[in-house]
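Chain by chain, the residues:
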Amino acid sequence: MNTEEIISLDNQTSIPALFRFRAQTLNNKVAMREKHFGIWRTFSWNQYYSSSVRIGKAMMALGLEPGQTVSILADPCKEWLFFDLAAQCIGCVSCGIYATDSAPQILHICEDSDTTLLIVENEEQLDKYLMVEERLPKIHTVVVLDSTGLADLDHPKVVMLEEFYQLGDEGDEGLESEWNRRIDNAEPNDTVILVYTSGTTGAPKGAMLSHRNIIFIAHAFHEFYPITAKDNSVVYLPLCHVTERLLSVFLPLARCSTINFIEGQDTAFENITEVSPTYFLGVPRIWEKMYSSIILRMKDATWVGRKALQISLSVGSKTADFEDKGLPVPAHVRLMQGAADFLVLNNIKVLLGLDHVRIGLTGAAPISPDLISWFRALGVPLYEAFGQTENVAFACGNHRGQVRLGTVGKPPPGVELKTAEDGELLIKGPLVFKGYYKQALKTDETIIDGWLYTGDIAEIDADGFVKIVDRKKDIIITSGGKNISPSEIENQLKFSPYVTDAVVIGDGRKYLTCLVMIDNETVSQFAQENNVPFSDFKSLCATAEVQSLIKSEIERINLSLAQVETLKKFRLINKQLTVEDDELTASMKLKRNIVNEKYADLINQMYS
Amino acid sequence: MSESPLLQVRNIETFYGPVMAIRGISLDVHEGKIVSILGGNGAGKTTILKTICGALEPQKGTIVFSGQDITAWQPDKTAKQGMGHVPEGREVFPFLSVKENLEMGAYNRKGKNEIDDDLEMVFHYFPDLKNKINLQAVLLSGGQQQMLAIGRALMMRPEILLLDEPSLGLSPLLVSEIFDIIYRLNSEQGVTMLLVEQNAHMALKVSHTGYVIETGRVVFDGDRDTLLNNPDIQEFYLGKKQVIGREKRRWKQRKTWR
Chain A
755 MNTEEIISLD NQTSIPALFR FRAQTLNNKV AMREKHFGIW RTFSWNQYYS SSVRIGKAMM
815 ALGLEPGQTV SILADPCKEW LFFDLAAQCI GCVSCGIYAT DSAPQILHIC EDSDTTLLIV
875 ENEEQLDKYL MVEERLPKIH TVVVLDSTGL ADLDHPKVVM LEEFYQLGDE GDEGLESEWN
935 RRIDNAEPND TVILVYTSGT TGAPKGAMLS HRNIIFIAHA FHEFYPITAK DNSVVYLPLC
995 HVTERLLSVF LPLARCSTIN FIEGQDTAFE NITEVSPTYF LGVPRIWEKM YSSIILRMKD
1055 ATWVGRKALQ ISLSVGSKTA DFEDKGLPVP AHVRLMQGAA DFLVLNNIKV LLGLDHVRIG
1115 LTGAAPISPD LISWFRALGV PLYEAFGQTE NVAFACGNHR GQVRLGTVGK PPPGVELKTA
1175 EDGELLIKGP LVFKGYYKQA LKTDETIIDG WLYTGDIAEI DADGFVKIVD RKKDIIITSG
1235 GKNISPSEIE NQLKFSPYVT DAVVIGDGRK YLTCLVMIDN ETVSQFAQEN NVPFSDFKSL
1295 CATAEVQSLI KSEIERINLS LAQVETLKKF RLINKQLTVE DDELTASMKL KRNIVNEKYA
1355 DLINQMYS
Chain B
-19 MSESPLLQVR NIETFYGPVM AIRGISLDVH EGKIVSILGG NGAGKTTILK TICGALEPQK
41 GTIVFSGQDI TAWQPDKTAK QGMGHVPEGR EVFPFLSVKE NLEMGAYNRK GKNEIDDDLE
101 MVFHYFPDLK NKINLQAVLL SGGQQQMLAI GRALMMRPEI LLLDEPSLGL SPLLVSEIFD
161 IIYRLNSEQG VTMLLVEQNA HMALKVSHTG YVIETGRVVF DGDRDTLLNN PDIQEFYLGK
221 KQVIGREKRR WKQRKTWR
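From first to last, the protein sequence lines stand for chains A and B.
Under this note's numbering, the first residue of the first sequence carries the number 755, and numbering increases by one thereafter.
Under this note's numbering, the first residue of the second sequence carries the number -19, and numbering increases by one thereafter.
Hints are not guaranteed to be accurate.
DSS-like cross-link-like pairs, simulated, lysine-lysine; straight-line CA separation at most 27 Å [stated by the list, open to error]:
#1 A:K1043 x B:K40
#2 B:K90 x A:K1292
#3 A:K1236 x A:K1221
#4 B:K110 x A:K1292
Take a look, some chain A residues computed to stay more than 10 Å from chain B by CB distance [what the hints assert, rightly or not]:
#5 A771
#6 H790
#7 R795
#8 H894
#9 S901
#10 M1090
#11 L1097
#12 V1286
#13 S1293
Covered by chain A, according to a simulated footprint, are these stretches of chain B (three or more residues, beta-carbon under 8 Å) [what the hints assert, rightly or not]:
#14 -6 to 7
#15 74 to 87
FYI, nobody ran anything at the bench for these hints, they're computed from the structure.
Where is the CB? At the ideal position from N, CA and C, for every residue including glycine.
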């Protein structure tokens, strides 16, 4: 495809036009479900659209002009989408902010993105804004979605959601036609959303994505993972993350599927079981947690139960092997598969809420191939895909009949991939973003001659499957001069149910070591089973039994590693980390550089 | 603390039917100390005490009391062994007099003189009870009933006193009075105590060490000062506020217990 080609979906070339078209044609079909006091309530495409119109009119009444930025600071909820699309429809740029971000981080994003209208979820988020209010003079209005506890607040800039709706309803007649005019005016190359990259190095940068980028990806995604109007998904990751935005906002727009909001992070797994989605994207951590929960349950099961699962999984992996290669499954295997499903596997899938999953995806972080094959044996079609903010979260993926474990699959039609001389993966196509907002220099470093420099070292095999080796800057060069990819080793470690995450260390050192974050739940259970007394997390980490448990896990992994890659020593991170800690990213990955800094003492112990 | 603890609990798990209320708890109580167990509603605090005294049987784990394995012993046996349990909600005998209630505490003991001495000791600490010596227990106020329950347990000369929420339903003034007496009983009489409390403020004032329980597991433990100085404990249990933002409001960080 050359860049001149018009990319459209149902003859619509922009997201707002597509949204309007969907509302007209789908009417009362359910667009989303949200749980309210324990009962799932549905919202139709009509309600979706008319709410956005009301909000958009209010935004225009406040004088928002095309190109200005609207930021949303909230956990996923239906209003998030209403505001997101309203902003897009009136030609504004919509920008999401993590609800877990601190006031200084919010200040940076609002300042950098030139935000003029800020939407905050509740009192808690509002307070963060108020802490940095003076330094954000460009913000003229702040909308609060949930006004609980704010009845006595009198602030000239703050408006409650209900008042904001009214503002739109009471606006003058011309707003309705202005709304439609602005939708018609949207140019495919206009920036529609701004997504801030998590920024493990330096301050977050805002990636500008256009209508064209997104509509192209909607097509590309469909080539590999056909989603229909009958499909259901769960919204549980932050919507400011490009992956969740794609899956929960843009793909439903493109394919008319239904989304379901979880109540909160604590109930995510229960809600997933209730909804039983038909397509589901999990970050590796989610799949790891599901796997661990089953492994734990099986430890308490009877011998017969364990044996039954083992046999069923081996049948399942045979079936999966045929399917991966795109071959027909022989009759006798199908028969056994039927029995295994009926007796064992279906029950487990129901337990996890994965019984209806047609398309399971993993991405955003490396995952152990063993974990993928375990789920595939269980009968969950789990595919590993690869994407970044800069390419709308999707550049290549494994898909039905085209699965090669340990790779991130092939690119969809229209996407060109190649590797640079140093092995860096380069991407070309309509999926490549416009650039970083106000950062021409950084943009020029990232896009050269139309090729997007991903910062990932990759290998592309003869059949076109892409294998991601590691982040370019994460490659470890030992003092002996060996190049080692830490994430491969870390993934193997993470496959252990006792390990949540690990960081391999050894850049410029004589040998490799690692810091391990253990899984509180599984290791506590291990301690219980072996009568190891402990009180809190710290004392659990300190027990000799837990130390030797992790040691044996590491020794097991060392067997499969080359001599230079073996881990000589390890230390446990003896505090329980949460997203609010600096050490973890929003998707609960350990940040290598911060861990290296914060635990310098522990690291030095291993080299003295 | 090198000497072996008076009460040693190791990895106990207790179920109510299919519900696992205690998911592996280990704790130590040394002689002459007050140890408190803190936690919110339904954390499993009372269940721990009931499991220790034998009212509930643990599915797993061991309880060693003065060198003897008493796991799953019946309450009457643990009581004879020297465990005085002051149950939640007092549970005094309503239609017996104050004196009869106290005498019930000494049911297993012999030696009238010593019992009389102890009765005097109880009245020394709880002078209110002496004034109502012949009154039926049901006619006492909540605070007096609580005193009676503690007094009744003292009458058996326990090696350890298991106190289950002595502050329950009492006015702040009475709470501090009760805790004052608890403190004096420990410092003057050397009574070892395992204290279950929701009122963390009071409990930490008197105890030497503490364990924080959440959903049937220890999430934090340490001596008094460690607990008092921990920012999470201060915020979630002692109600200290981090002041940020508008009008001295504060937002909880998610609990982490590091």
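Against the structure, the hints come out as follows:
no., hint, result
1, A:K1043 x B:K40, "holds, 26 Å"
2, B:K90 x A:K1292, "violated, 48 Å"
3, A:K1236 x A:K1221, "holds, 20 Å"
4, B:K110 x A:K1292, "violated, 49 Å"
5, A771, "holds, 40 Å"
6, H790, "holds, 24 Å"
7, R795, "holds, 27 Å"
8, H894, "holds, 19 Å"
9, S901, "holds, 14 Å"
10, M1090, "holds, 33 Å"
11, L1097, "holds, 24 Å"
12, V1286, "violated, 7 Å"
13, S1293, "violated, 8 Å"
14, -6 to 7, "holds (count 4)"
15, 74 to 87, "violated (count 0)"
Checked against the numbered hints above, the structure breaks hints 2, 4, 12, 13, 15 and satisfies the rest.
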